[in-house]
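So the chains spell out like this:
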Amino acid sequence: MMPSGMRKFLDSGTLFVWLCGSGLMVSILMIGGLLLLIMMNGLGYFWPKGLVEFTLNDGTMVLGQLTGREVIPESATPELPDGKFRIQVKVGNRDLYGLDFQWLDEDQIQTREQPGEVLSIERREWGKFFGRIQAVKKREVVLATGNMEGLKAVKPLVEQMNDIQDRIHHLQHDIIGAVNYEIEAIRLALRDLELKDEQETNEWVDLQKRLVGLQANYEEHTKMLRALYDQLNEYSVILIDANGREKDLPLGQIVRILQPNQLTVFGKVLIYFSNVWTVLSDEPREANTEGGIFPAIFGTVMMVLIMSVAVVPFGVLAAIYLKEYARQGLLVRLVRIAVNNLAGVPSIVFGVFGLGFFVYAVGGSIDTLFYSAALPTPTFGTGGILWASLTLALMTVPVVIVATEEGLSAVPMEYREGSLGLGATKVETLLRVVIPCAMPGILTGLILAISRATGEVAPLMLTGVVKLAPSLPLDSYFPFVHLDRKFMHLGFHIYDVGFQSPNVEAAKPMVYVTTLVLVFVVVMLNLMAIAIRNRMRKKYVGSAV
Amino acid sequence: MEIVKTSQSSKPLPSSVLKVNVSKDEPDPMKQTGESDAIQSPNSDRPKIEIRQMNFFYGSNQALFKVNLNIREHKVTAFIGPSGCGKSTLLRCLNRLNDLVIGSRVEGKILLEGQDIYAPDVDVTDLRTRVGMVFQKVNPFPKTIYQNVAYGPQLQKVRGRAILDEIVERGLKGAGLWEEVKDRLHSSALGLSGGQQQRLCIARALAVNPDVLLMDEPCSALDPISTSKIEELLHSLKQQLTVVIVTHNMQQAARVSDYTGFFLLGELIEYDDTRRIFTNPGDRRTEDYVTGRFG
Ligand SMILES: Nc1ncnc2c1ncn2[C@@H]1O[C@H](COP(=O)(O)OP(=O)(O)OP(=O)(O)O)[C@@H](O)[C@H]1O
Ligand SMILES: [Mg+2]
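Chains as they are written, first to last, in the numbering used here: chain A, 3 to 547; chain B, 3 to 297.
The hints are simulated quantities; they were obtained by calculation from the structure and are not laboratory data. Backbone N, C-alpha and C fix where the C-beta goes; we use that ideal spot for every residue, glycine too. Hints are not guaranteed to be accurate.
[To be verified] Chain B is faced by these chain A residues, among others (derived, beta-carbon under 8 Å):
| hint | residue |
| --- | --- |
| 1 | Leu68 |
| 2 | Glu72 |
| 3 | Gly423 |
| 4 | Cys439 |
[Unchecked claim] 27 Å max Cα-Cα, derived DSSO-like pairs, lysine-lysine:
| hint | chain 1 | residue 1 | chain 2 | residue 2 |
| --- | --- | --- | --- | --- |
| 5 | A | Lys157 | A | Lys86 |
| 6 | A | Lys51 | A | Lys198 |
| 7 | A | Lys92 | A | Lys510 |
| 8 | B | Lys111 | A | Lys540 |
| 9 | A | Lys139 | A | Lys249 |
| 10 | A | Lys211 | A | Lys51 |
| 11 | A | Lys428 | B | Lys184 |
| 12 | A | Lys10 | A | Lys157 |
| 13 | A | Lys92 | A | Lys469 |
| 14 | A | Lys428 | B | Lys159 |
| 15 | A | Lys154 | A | Lys139 |
| 16 | A | Lys140 | A | Lys154 |
| 17 | A | Lys140 | A | Lys249 |
| 18 | B | Lys231 | A | Lys540 |
| 19 | B | Lys231 | A | Lys428 |
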């Protein structure tokens, strides 16, 4: 016999309500915790940290950023039940020490200081350098000695060097890139004529002449480039680490010099935002662990847009046929079941299909038909953004079909009859009344498709994503959109930086930052689609979806 | 089953009903058709629509049995009968909207101005522009008022702002809605009241210039004031076109219609002048129904 209070409690359904409530609670906590973790780790990355200088018992000095503290494993003794602690310091200077991080036992530390004058130097290679300036030189002539003097001398020079770097970038990417592009085009045209056995024709001679001209042009520009590179090495700075080890660094290697311990809060905030901007707008450096992730953001967004353009028409047309035209029977039921199951197929399977069908079969045929001059170098016969997008479109088409079918079912019969009763044909009814009313449903499908596609990495690895793409799939050279190019993707970037880079520990913040950006991109793309859907809904009030 | 013979009436109609368009020298309808089971229309100028020996099936389920009926031009014809007796089915056959129902089948003939609308060479969309329809469930499209009325004309490739404007205005005026909506033609039709929406649907149907307007319980979801507005409308509409209306409301049928057909279980029991159906019906079942004894 249950006590009557208990029975009453069970009967009232309160228990069930609590069960449901706690289920919801757990889900919210998990999602919230996930986002919080990513945000904390990701957003912290941009904050300029102070430098601490430790003096150890044996007299050596260690300079670096404090990154963690933990109990030394199995150090707990009866006298010290909490155990001893050690701290993790990011010491930088990878070229000198080989490692970015160092563990210090706390009982070996004699003093900790935060000297104001120490420098944090961001370099183009080997990560950051923490230390001081000993001297600044122009070739062999010493311009300044000492940290303060040296810093004063270096600051304007760094700006100058960054200017030169910009010019080098411009020269390499825009000017020489364009010349190369043209040379390649002419080379292909010549090869084409050769294949057609039309050598020594006027056209051929013309092309040869232009080729010679361009090659001269190219030589000239590379000479300029070399001169600029020389300028980068004109000045150098001799740095010393905490223990006085010297490092001769050409000034052209320096991106930025900070004195993090002297920054005001306002200064730190400024640097924070400039760091954010760098990550969002720059290209990656040093095996993706430094610099920005702009190409990956761009690749992700462009891939999703191409996928949307491909998936919506296909999905909607298929759904319309299934719902409005096909005779509802066993066959249609089977097709529908098959479509639903397609949504559950692991994405890597789609990747394999994309590789076999799109890349090798379709791409290979396109190459032999239209790009034979470039062979054996494949153009479309290798992974590229188009094939990756189409593979994802294939993967997400069931979602769009299902959502569209639901949207179509939700359009009231009265609308169709009203339209037909006014002398509209079935097609007119569909185009003018039914599809507009089903538009919110279709967009719901697109939203789901985008969510699924943006996070997908596995199929991309087979169909065109790379760790470092030399150029964006969209640029200023005709035909502007290069669907055959390989591209970078945030999801793959996370995998690459986190697990494939030579220095995993140092790359960890970048993983969180990239994750944060990926989440942000997914949310933005979804919000965009939701905004469009809401506008549609307002326009077609009364449609149910 | 024997087909029920209805309407034994061959008496001349009261002149009050026949004020319009009736010439005295027309032949007796009984003699005109001659068939024993043909339902005789009390009026005898040329029928707009003639329904001949019509059977209708939803799959294997027969919904209409040998219906014979003539619908007169410029008159309002009402179909009454208990729920499920086939009134809507018959109405929807008149513009072939039942074609949409999978597995449905029609036997017999429906002639619109002498032409069989179920003949294979008939253009269904063309038929539907000639025979418009207003539905029981108010169904303006989720577009603006203007776009709703312009929908039909635009399908017929009527282009040009000025022409469309004129058609829209004419349609809305014809449905008695112009004064209420002329300042908000470009706002959503779904913002109108139920009664206004139904008149918008009428305007939408009128805009394609139909010869016949079918109305399936157009007032069943409306308040008395909206209902009376639509009833008034019917009086003016029949000057220009022929109206067929299905209603459950006896008073409404008596008020607005010139002729009334009473259906029961898929059969046309009696078809006669409205006044006669309501005052002196020829069949017991009709009498029971209109006096409210069953139904
Ligand atoms: N789409 C359909 N498929 C199968 N049977 C149908 C369909 N529509 C109607 N029926 C059947 O046909 C018969 C006549 O229906 P109908 O809608 O014509 O009746 P009604 O007289 O209009 O009734 P109400 O006054 O309730 O509107 C009913 O028995 C109904 O069940
Ligand atoms: Mg009905």
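Worksheet entry | Hint status (Cβ of Gly423(A) to nearest Cβ of chain B, threshold 8 Å) | holds, 4 Å
Worksheet item: Taking the closest Cβ pair, is Leu68(A) under 8 Å from chain B?
Response: violated, 62 Å
Worksheet item: Within a Cα-Cα threshold of 27 Å, do Lys51(A) and Lys198(A) meet the stated pairing?
Response: violated, 64 Å
Item to complete: Below or equal to 27 Å on CA atoms is what counts here, so check Lys10(A) against Lys157(A).
Response: violated, 78 Å
Worksheet item: Given the proposed pairing of Lys92(A) with Lys510(A), does the C-alpha separation stay at or below 27 Å?
Response: OK: Lys92(A) and Lys510(A) at ~12 Å, within 27 Å.
Worksheet item: Quick one, are Lys428(A) and Lys184(B) close enough, alpha carbons at most 27 Å?
Response: violated, 31 Å
Worksheet item: Taking 27 Å as the top limit, are the C-alpha atoms of Lys211(A) and Lys51(A) close enough?
Response: violated, 58 Å
Worksheet entry | Restraint status (C-alpha distance of Lys157(A) to Lys86(A) at most 27 Å) | violated, 43 Å
Worksheet item: When the nearest CB of chain B is found for Glu72(A), is that gap smaller than 8 Å?
Response: Cβ of Glu72(A) sits 63 Å from chain B, so the hint is violated.
Worksheet item: Has the given pair, Lys92(A) with Lys469(A), been kept, meaning a C-alpha gap of at most 27 Å?
Response: holds, 26 Å
Worksheet entry | Given hint Lys249(A) paired with Lys140(A) - CA-CA distance at most 27 Å | holds, 16 Å
Discussion item. Please verify whether Lys111(B) and Lys540(A) have alpha carbons no more than 27 Å apart.
Written reply: violated, 46 Å
Checked against the numbered hints given earlier, this structure breaks hints 1, 2, 5, 6, 8, 10, 11, 12, 18 and 19; the rest are met.
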